[in-house]
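Residue numbers (this note's numbering), protein chains in the order written: chain A, 106 to 562; chain B, 106 to 562; chain C, 464 to 557; chain D, 464 to 557; chain E, 64 to 437; chain F, 64 to 437.
Think of the hints as simulated: they come from the structure by calculation, not from any bench.
The reader is advised that the hints may include incorrect statements.
Derived pair list, reagent style BS3-like, types lysine-lysine, alpha-carbon separation capped at 25 Å [stated by the list, open to error]:
#: 1; chain 1: E; residue 1: 275; chain 2: A; residue 2: 463
#: 2; chain 1: E; residue 1: 363; chain 2: F; residue 2: 363
#: 3; chain 1: B; residue 1: 463; chain 2: F; residue 2: 275
#: 4; chain 1: F; residue 1: 72; chain 2: F; residue 2: 90
#: 5; chain 1: B; residue 1: 558; chain 2: A; residue 2: 558
#: 6; chain 1: E; residue 1: 339; chain 2: F; residue 2: 89
#: 7; chain 1: E; residue 1: 130; chain 2: E; residue 2: 173
#: 8; chain 1: F; residue 1: 339; chain 2: E; residue 2: 90
#: 9; chain 1: F; residue 1: 130; chain 2: F; residue 2: 90
In this text the structure is predicted, and so the values were computed from the model without any measurement.
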Amino acid sequence: MAIKWLIDASYFVAAILFILGLKGMSSPVSARKGIVWAGVGMVLATVVTFLTPGMNNFALMVIAIALGGAVAWISGKKVAMTDMPQMVAIYNGMGGGAAAAIAAVEFARGEMHGTVVTLLATLGALIGAVSFSGSVVAWAKLQGVMKKAFRLPAQNAVNIVLALVTVAVGGAIVIAPTVDPLLVVAFFVLALVLGTVITLPIGGADMPVVISLFNAFTGLAVGFEGFVMGIPALIIAGIVVGAAGTLLTQLMAKAMNRPISNILFVPMAAAGGGEAVEGEQKEVGAMDAAAMMRYASKVIIVPGYGMAVAGAQHKVWEMTELLEEAGVEVVFAIHPVAGRMPGHMNVLLAEAGVPYDKIFDLEEINGDFAQADVALVIGANDVVNPSARTDKSSPIYGMPILNADLAQNVIVVKRGKGTGYSGIENALFYKDNTRLLYGSAQQAIGEVIQHVKALSV
Amino acid sequence: MAIKWLIDASYFVAAILFILGLKGMSSPVSARKGIVWAGVGMVLATVVTFLTPGMNNFALMVIAIALGGAVAWISGKKVAMTDMPQMVAIYNGMGGGAAAAIAAVEFARGEMHGTVVTLLATLGALIGAVSFSGSVVAWAKLQGVMKKAFRLPAQNAVNIVLALVTVAVGGAIVIAPTVDPLLVVAFFVLALVLGTVITLPIGGADMPVVISLFNAFTGLAVGFEGFVMGIPALIIAGIVVGAAGTLLTQLMAKAMNRPISNILFVPMAAAGGGEAVEGEQKEVGAMDAAAMMRYASKVIIVPGYGMAVAGAQHKVWEMTELLEEAGVEVVFAIHPVAGRMPGHMNVLLAEAGVPYDKIFDLEEINGDFAQADVALVIGANDVVNPSARTDKSSPIYGMPILNADLAQNVIVVKRGKGTGYSGIENALFYKDNTRLLYGSAQQAIGEVIQHVKALSV
Amino acid sequence: MDGMLALYIFMLAAFTGYEVISRVPVILHTPLMSGSNFVHGVVLVGGMIALGQAETPLEQAIGFVAVLLGAANAAGGYVVTERMLAMFKAKEKK
Amino acid sequence: MDGMLALYIFMLAAFTGYEVISRVPVILHTPLMSGSNFVHGVVLVGGMIALGQAETPLEQAIGFVAVLLGAANAAGGYVVTERMLAMFKAKEKK
Amino acid sequence: MPLVIGVTKELIPGERRVALVPDVAKKYQGLGAALQLQSGAGETAYYRDEDFGVAEFASEPLTVLKKADVVLQVQPLGLEALAQLKPGTVLVGLQQPWSSRERVDVLMQKRITCFALELLPRISRAQSMDVLSSQAAVSGYECALIAADHSPKFFPMLTYAAGTIRPAKVLVIGAGVAGLQAIATAKRLGAMVSGYDVRPETREQIESLGAKFVDTGVSAAGAGGYARELTEDERRQQAEKLGKAIAECDALITTAAIPGKKAPVIVSADMVARMKPGSVVVDMAAETGGNVAGTVAGEKTWIGEVLIIGPTHIPSRMPVHASEMYAKNLFNFISPFIKDGALALDWEDEVLSGACLTHAGELRHAGVKAALGL
Amino acid sequence: MPLVIGVTKELIPGERRVALVPDVAKKYQGLGAALQLQSGAGETAYYRDEDFGVAEFASEPLTVLKKADVVLQVQPLGLEALAQLKPGTVLVGLQQPWSSRERVDVLMQKRITCFALELLPRISRAQSMDVLSSQAAVSGYECALIAADHSPKFFPMLTYAAGTIRPAKVLVIGAGVAGLQAIATAKRLGAMVSGYDVRPETREQIESLGAKFVDTGVSAAGAGGYARELTEDERRQQAEKLGKAIAECDALITTAAIPGKKAPVIVSADMVARMKPGSVVVDMAAETGGNVAGTVAGEKTWIGEVLIIGPTHIPSRMPVHASEMYAKNLFNFISPFIKDGALALDWEDEVLSGACLTHAGELRHAGVKAALGL
Ligand SMILES: NC(=O)c1ccc[n+]([C@@H]2O[C@H](COP(=O)([O-])OP(=O)(O)OC[C@H]3O[C@@H](n4cnc5c(N)ncnc54)[C@H](OP(=O)(O)O)[C@@H]3O)[C@@H](O)[C@H]2O)c1
Ligand SMILES: NC(=O)c1ccc[n+]([C@@H]2O[C@H](COP(=O)([O-])OP(=O)(O)OC[C@H]3O[C@@H](n4cnc5c(N)ncnc54)[C@H](OP(=O)(O)O)[C@@H]3O)[C@@H](O)[C@H]2O)c1
Ligand SMILES: NC(=O)c1ccc[n+]([C@@H]2O[C@H](COP(=O)([O-])OP(=O)(O)OC[C@H]3O[C@@H](n4cnc5c(N)ncnc54)[C@H](O)[C@@H]3O)[C@@H](O)[C@H]2O)c1
Ligand SMILES: NC(=O)c1ccc[n+]([C@@H]2O[C@H](COP(=O)([O-])OP(=O)(O)OC[C@H]3O[C@@H](n4cnc5c(N)ncnc54)[C@H](O)[C@@H]3O)[C@@H](O)[C@H]2O)c1
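Work the whole structure out from these sequences, hints included.
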């Protein structure tokens with residue numbers, strides 16, 4: 106009894122820690138604390154499970170944990186930062202697989218009590234298996250193991266038919282009075298195929314959203330299996346993740362400006378070309394621009410004619426003050442011919458109250474860009490165009506430029522695809538480390554300000 | 106079975122509606138929708154309850170509902186806006202009373218199963234009864250029925266002893282194998298006295314916090330009785346309100362800058378004088394200042410020397426722009442001698458980019474204050490001091506002043522109790538419709554901006 | 464009712480209550496207090512069931528009081544909240 | 464387990480999940496995805512119990528897989544999340 | 064017969080202001096007063112005779128003075144002009160009360176009721192009548208413009224295609240009404256401005272305009288918003304700290320005056336010598352002797368490669384608005400006592416009596432009495 | 064023997080700039096060039112001989128001209144001065160190439176390599192050498208100050224104890240480099256500024272400074288950033304709409320020039336007559352005939368009660384910075400061709416060849432050739 110009580114209490118505490126952990130992870134300020142809390146919950150839950158009365162196979166258990174845990178831990182430690190998304194995918198797939206396997210064990214034991222339980226077990230198995238195979242495909246694609254997007258003829262129809270068949274087989278399992286092993290095997294195979302087929306045609310750019318969706322799936326599957334096994338901690342953790350993951354998927358899709366249905370059902374049409382064209386203009390949202398600067402050590406702002414057109418100087422200065430309060434070093438780099446008259450930027454920055462000791466000219470600052478975490482280019486174009494350095498045919502060839510391109514990251518605020526005074530394209534905008542923040546500078550910087558504030562609580 | 110199912114489903118829906126309703130009510134944008142949702146949930150829950158199988162006393166039930174509902178509805182409709190807080194108190198007390206009464210019925214029926222249930226029932230009864238009598242006292246004091254704060258000698262000691270005794274009696278009920286009517290009656294009486302005694306010494310200014318606390322109490326009590334009766338809708342609604350109410354109580358206490366323990370335990374010492382002194386300086390938070398202006402039609406800003414000292418002109422203009430985007434008419438009123446030199450305000454407002462057509466001088470604007478919803482006085486003092494009009498002994502007698510005091514509401518931004526150039530007190534700051542927003546103007550207006558933005562989603 | 468499940472429900476309901484109002488502006492404190500006051504007016508349902516099962520006159524009397532108070536809580540809470548919130552009638556953006 | 468209670472738990476857990484992350488900045492989307500991925504690694508516990516109750520070799524085999532996968536989910540999820548979040552080391556205000 | 068208000072063209076050369084402008088003229092008429100103007104009275108300030116409404120015009124100033132019951136003027140009337148006044152005439156304007164015993168004698172002798180707006184009590188109510196303040200605002204603005212215009216350098220920072228020009232450093236000494244206005248104007252132009260004053264409360268005021276305060280550790284807070292004179296010791300300390308700030312600046316504007324006294328010499332020849340070539344000094348106190356050693360009133364002098372400008376009649380450089388302000392101040396002072404075309408002075412009024420120099424043959428002002436040794 | 068760079072005091076009266084400043088002198092020396100200066104060359108711009116570093120000084124300009132391989136100047140040398148140059152000397156500066164056929168003849172004859180910076184191609188790379196732009200920036204700033212200083216009114220809005228003064232209305236015609244700078248400066252002072260130009264793209268530029276654009280519906284976009292001349296019809300339409308804006312303003316600044324031509328008369332006598340008394344007009348184009356009917360270059364004239372100022376040698380009013388900018392522009396132009404103390408002109412360079420007026424006895428510039436009828 107005491108042990109039962111200890112186990113129950115531990116699961117309860119673990120559930121609370123999971124929730125608090127997720128809550129923590131939703132703000133940059135407390136994110137690290139969040140994962141630690143969740144980790145503590147996990148360890149607690151795992152350890153007390155060993156105490157569960159009437160369990161066998163401890164050796165197997167320990168081996169499985171050691172093996173699975175160690176491999177995952179090491180590969181997780183080693184993987185390059187840029188390969189993180191596929192790692193998340195594969196770990197998530199494993200969770201889905203685990204949920205499906207649990208259902209399989211229950212089916213194998215034939216111990217299902219009542220329709221509801223069977224239904225939940227089957228649902229969990231379906232979702233888990235789809236999430237498993239889908240995640241594996243996602244991983245393979247991102248990792249480059251699988252090179253090309255792969256699309257069946259009548260993809261959507263195939264998807265739907267396959268899904269219906271799988272559900273039908275699942276239904277049969279639920280309805281059947283006893284467990285038919287053949288049916289179960291067929292069901293799992295179908296589910297795994299379904300996950301694969303759904304994921305295959307999806308392009309690399311949309312992958313994070315899909316991974317998030319599978320993540321929510323796995324959560325649900327875990328929750329359902331929790332019901333089946335009567336472990337509330339699983340239910341809570343699973344469902345909370347399921348709900349959070351669903352919201353997160355929506356948010357991610359929204360941030361990419363693509364409805365989820367689009368991603369799942371018309372992947373080639375809309376996003377197909379994405380991977381092929383090298384050097385695209387990559388957009389960034391105000392929130393991420395804010396976060397990039399808020400967590401930078403040094404930001405160099407390059408204002409140009411666009412800042413003048415937008416009359417954004419006051420906002421720019423307000424943002425600067427906020428960043429400085431947060432401990433970021435911010436300075437202004439004025440190009441000799443920024444704007445449309447000598448001193449154009451000076452007039453505006455003075456009007457906004459930017460102190461003179463924050464304003465540097467080209468010669469003073471050009472050496473500093475390499476040390477800057479972010480170069481924020483606000484409505485400047487020609488004066489940061491690298492082709493002035495190398496392209497003899499360019500009308501601006503030979504003009505000294507601000508070396509914004511040498512900064513760790515470049516954020517460019519402009520309204521659209523407009524060119525500058527000289528009317529030429531700017532290679533800076535297509536660089537790997539450049540992100541475009543679209544919008545009139547006044548409004549774009551206004552949004553950045555809001556987010557910087559939110560990050561500085 | 107179908108009926109049982111219908112009832113359960115309805116309760117489920119009602120619980121969801123309650124949560125959504127509360128969520129809605131926590132933002133000005135959706136607040137009205139929120140109460141309507143919650144209302145729908147309430148009607149649903151009430152109506153299906155009539156269908157509960159095996160119930161009697163329908164006539165009594167209808168009479169009670171009609172009577173209680175009608176009286177409350179009518180009095181709620183009639184009460185003056187300024188008397189709202191005490192109405193909330195009294196309705197809340199009734200909820201607590203109802204919870205206690207339910208427990209009493211259960212005790213009377215002697216049908217309690219198991220220690221846990223009895224424990225919850227007793228707890229609910231205790232909390233409900235305290236909330237009931239406490240709320241009634243709160244109502245009486247706010248309504249003016251009970252005129253004076255009333256404090257026992259060694260109040261805190263009395264409170265503690267009384268509380269301990271009540272809990273002890275409650276404990277006895279829980280432990281006892283059968284219900285002892287005497288014990289139960291004693292318990293209820295003690296609980297009611299406890300609520301009264303706790304509330305009596307609390308001053309009027311602190312009442313809202315205390316009411317909120319009782320509100321959370323009632324929620325808990327309802328939640329506990331829900332457990333006892335096995336109605337999840339009651340549990341959910343009760344506990345959600347309990348949690349929300351607790352947080353709210355904390356927030357309210359924080360907004361008043363008084364820890365809750367202070368309010369409950371040392372009411373006379375710290376806050377005692379509150380009610381006696383007429384014409385206090387009433388503080389306002391940045392969020393409320395923002396809401397007052399955001400939902401105003403016309404705001405007149407009166408800048409003074411303090412705005413110059415704080416260098417807040419840019420922030421002030423930013424706020425103005427935000428308010429105008431939200432449809433508020435905002436203008437600036439410049440007093441002839443605001444600041445410390447002729448044109449002091451002009452220089453600063455020009456620097457911030459305030460267009461000249463928004464700037465009015467005393468003669469142009471003095472007639473408009475009466476039509477303004479809010480006069481926002483930013484670091485101005487002498488130039489809005491009404492004693493210049495009437496008090497012949499005042500050093501500023503005879504100087505024309507801006508009639509900020511005629512506005513519907515006045516918000517004054519200043520750092521503290523500092524006087525202006527002439528060194529005299531300003532009666533405007535003590536007026537009924539004046540609220541002080543403390544802080545250096547730069548920072549205070551900065552906060553207002555944040556909140557205006559939050560309100561304009 | 465299973466004690467452990469009850470505890471989970473309690474915990475989750477508490478989280479939910481806390482989270483849904485965690486960012487409430489000061490200006491809404493009073494209306495929200497009033498609104499949550501209304502929500503626990505659902506105690507009326509408990510009162511009804513208690514009264515419905517009441518047998519002795521004492522039980523009936525107390526049950527009657529419970530329903531009466533619960534109904535007053537619900538009805539009064541609604542009206543008062545509604546009136547307070549009328550202040551926030553969404554203004555048309557010009 | 465009581466179906467109705469389960470439903471309530473489901474509902475509340477969903478609310479809680481939704482509310483706790485409702486205001487997450489875009490920059491945290493990936494870490495949060497990874498973090499929630501870690502949280503459902505608790506499936507490990509389910510796997511352990513399933514394996515603990517397994518009797519036939521088939522059951523044991525599947526159970527073994529369940530634990531293996533669950534453990535990998537938990538361990539990998541933690542490491543990856545932790546590494547991503549290391550970016551947000553709280554900077555000292557100067 | 065209604066009260067006759069007389070206004071002449073100013074008699075002193077270089078004075079372009081006028082004590083009455085059309086807008087204000089209409090207000091006097093609204094109170095029932097009649098106007099007696101010299102034709103072309105507002106000419107130098109670009110106000111035309113026809114805009115003054117119904118008024119009688121005379122071509123000779125003396126005609127105006129003879130007829131008027133109340134005479135409004137900017138600069139003090141000379142002895143000759145005073146001789147033309149009817150006995151008992153009310154005279155309102157700047158009087159330089161400390162400067163001439165002779166004129167005071169004539170005023171008493173002719174029983175002129177003379178109000179000297181320099182004597183106006185500096186209380187809140189009287190601010191709208193305070194010509195010193197309003198004219199100081201004009202002067203401060205003008206002096207900043209003079210400095211910018213004469214400086215061989217840009218005031219603002221300016222990045223151009225071949226380099227960057229750092230902003231000029233401007234130092235303003237004396238942060239009264241004029242000094243603050245000069246600070247604000249130089250700041251507007253983009254200069255890096257510092258300010259200095261002996262009164263410690265000016266630190267906050269200077270900073271409220273976004274300028275820096277030069278701290279010397281000397282305070283000379285005086286009564287009624289005026290500064291007191293400094294001791295020799297204080298001067299030394301001030302000089303040392305100030306010297307450094309002066310040597311660094313590109314333009315220096317001095318506005319430190321002590322009413323009724325010679326302006327203190329704050330900037331010594333030595334300090335000027337340490338200034339950079341091409342620096343400009345505008346000495347607003349030139350008319351009362353100057354704050355800078357070497358200032359010549361009304362002239363531009365070079366000390367080495369430093370240009371020292373001692374402008375006089377500064378508000379006259381902006382006659383339209385300076386006159387408008389002056390005329391409104393005067394109206395606010397005297398109009399409360401004009402009712403239905405008649406003058407009824409209320410000697411209980413502390414502003415009126417405080418500003419009175421002579422009345423009914425008496426010298427009324429204690430300070431002036433003491434200063435003139437009467 | 065190293066390249067000798069010669070700089071004299073400017074020979075034209077009223078010109079206070081100098082083509083070399085100490086900072087730039089050091090850079091030439093860093094490239095191995097020797098300096099031959101007239102003593103006191105920088106005097107009028109407050110640069111002292113001793114600051115120029117190691118240089119040879121001569122008291123006579125002609126000595127300098129005789130010795131130099133490269134001569135830097137601001138204003139075109141007169142015929143007498145040109146006569147002193149060694150054949151093959153490189154001459155860099157403003158040359159007014161269109162104005163004098165005689166001088167071009169002498170240049171060809173003496174086989175002078177003459178660079179006229181007026182001819183500099185207006186491409187991005189050449190911006191750092193563009194003296195027209197840099198000097199126009201100075202002029203625009205100065206003209207706004209002149210206008211403010213001469214206006215009898217406040218530029219900014221000003222609320223004082225007895226009332227409020229509304230801000231002055233300033234209109235700037237011509238929104239090139241100078242016009243924009245004038246707009247910015249007037250704006251800084253608090254005036255309500257509008258701008259007008261025939262080139263439609265200036266609307267956005269004017270608005271980017273917070274000023275209003277006066278729309279007349281006439282466009283005169285020309286090649287290379289210069290404006291073309293307008294047709295008679297366009298002028299009429301422009302005149303009508305502009306007239307209204309002019310009548311409303313308190314100060315008018317005109318900066319519309321067409322390089323190499325007489326400035327267009329944009330403001331007619333009739334428009335001036337409709338201006339308010341006390342208005343001020345600053346005609347920056349005075350030197351090339353003026354944009355305003357009635358402008359006299361170098362003088363202040365009154366048309367009715369409107370003051371028209373036709374300033375000349377405007378950049379000379381700010382010699383320190385104008386010289387600095389000018390000298391840097393020149394350095395950026397010529398220094399790429401100085402290596403190890405020797406000059407090696409690269410005629411492939413489009414900027415160098417584009418700015419060349421004469422070389423090896425030839426008139427190289429097609430436009431000038433055509434203009435002079437050669
Ligand atoms: N300083 C001088 O004296 C002078 C004189 C004449 C010419 N120039 C020339 O002007 C150029 C100056 O370079 P620059 O980098 O300052 O400007 P730029 O090259 O003209 O580029 C301006 C950029 O601002 C963006 N923009 C315009 N309006 C905006 C708004 N409201 N919000 C956000 N972005 C906006 C435009 O892109 P979108 O349209 O996509 O928004 C454009 O890319 C140089 O080529 C220089 O040679 C200078
Ligand atoms: N305009 C002129 O030419 C001129 C010249 C000389 C004198 N005066 C006199 O100056 C006065 C002007 O009146 P006024 O209403 O503008 O100013 P004021 O009466 O001097 O009042 C200034 C107010 O601002 C507050 N304050 C100071 N610093 C602040 C900050 N950083 N943030 C927020 N509030 C701040 C002060 O209260 P806290 O300390 O509590 O913050 C004070 O109440 C008149 O009496 C006038 O006669 C005017
Ligand atoms: N309360 C009112 O009604 C009212 C009205 C007008 C002016 N004032 C105040 O009176 C004060 C004086 O105004 P003002 O413009 O007439 O002053 P002012 O013309 O008398 O003197 C100009 C300034 O020079 C300073 N000064 C004097 N000797 C100095 C020295 N040796 N070194 C440095 N500075 C020196 C003075 O302190 C003063 O600030 C101001 O603060 C003004 O705001 C008040
Ligand atoms: N790309 C480059 O490298 C470069 C370098 C310098 C200047 N520019 C550009 O060249 C343009 C001209 O500059 P500028 O200052 O030398 O011009 P400018 O001195 O030749 O002329 C001044 C202004 O007057 C205007 N104007 C001419 N006739 C007019 C009329 N009848 N009415 C009204 N306005 C009239 C012109 O449009 C011009 O804007 C500017 O836009 C400038 O930015 C470009």
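Tested hints:
no., hint, in the structure
1, E/275 - A/463, "holds (17 Å)"
2, E/363 - F/363, "holds (20 Å)"
3, B/463 - F/275, "holds (17 Å)"
4, F/72 - F/90, "holds (20 Å)"
5, B/558 - A/558, "holds (12 Å)"
6, E/339 - F/89, "holds (21 Å)"
7, E/130 - E/173, "holds (15 Å)"
8, F/339 - E/90, "holds (23 Å)"
9, F/130 - F/90, "holds (20 Å)"
Taken one by one, the earlier hints all hold for this structure without exception.
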